[in-house]
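Dock chain B against chain A, hints included.
Here is what each chain is made of, one letter per residue.
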Amino acid sequence: MINLLGWIFIVIGVCFALLGCLGLVRFPDLYNRMQAATKGVTLGACGLMFGIFLLKGFSVMGIKALVCALFILLTMPVAAHVLSRGSLFFGIKMWHKTELDKFGPDKVGKELIEKPDSEATDEKA
Amino acid sequence: MEILIVLLSLGAFFCLYRALQGPSISDRVISVDIMSIIFTCITALMALRYNIAFLMDLAITLAILSFIGTLALGKYLEGRSLDD
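Protein chains in written order, with the working numbering: chain A, 1 to 125; chain B, 126 to 209.
Excised from the complex, chain B in its bound form:
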């Protein structure tokens, strides 16, 4: 179980490398999005490990927040307004 959490943290470090290094703004946005999905997986594994049910609520909230942020930045890059 702890080995799985360490492997997911390694993936989050890969995403952090791309977010610091990335040549364009979309690289940074997509790597932060992927990183928050990885954090969702880590939170779900911690809920399974310590048997705490409300950590799963935290996982759902992280997924919703990353989706909304990526959607807003994508619409901003396209150059339209948000209500279109």
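With the rest of the complex left out, here is chain A:
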């Protein structure tokens, strides 16, 4: 019974990781790509490690899998937040259909939402 539960966790984790990587290819913008990829892959990796812990129990491999899951769960959102804040101050443009920019041009110092005509030339290229 607990073996079946562990395999279900592993398969769900692999599916979430694959969907996160597909979002990394398909989304239009850096920030959209970043949220899709980090959320999906974090949940997928944690599910996979928790499935290995359920399969192996309190052995050497199971404890290490649990430690690895906790580490990924703690550090992946921190890394994504630092990188997205850094690229916001670096001046990477948002998508041209973005409606609300709460961080605003008054804090960063420049307009970050992309103009539509430059996006049209981008799509042709």
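No false leads were slipped in.
Simulated crosslink set (DSS-like; lysine-lysine; CA at most 30 Å straight-line):
1) A:Lys-97 with A:Lys-39
2) A:Lys-93 with A:Lys-39
3) A:Lys-39 with B:Lys-200
4) B:Lys-200 with A:Lys-102
5) B:Lys-200 with A:Lys-93
6) A:Lys-39 with A:Lys-102
7) A:Lys-97 with B:Lys-200
If you're looking for bench data, these hints aren't it; they were derived computationally from the structure.
The structure presented is a predicted model; accordingly, all values stated were derived computationally and were not measured.
Positioned in the frame of chain A, the structure of chain B alone reads:
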């Protein structure tokens, strides 16, 4: 089991496409980060498949290294020094 490893490798190829294609530097950084997390998952699955316990140590090391690299490049992009 092998099918799961092949699916994760397909995801790593998606990340490789974005790392080669990506328009800005942050795309490349985040795709390399995601790719190393995928390699962590592949290493953990190999430890389960061949029943070798120290491959899990390798997985923890990969996760730590990808976190430190992404943190350093994010602070570099923000334009501050690392000790802030």
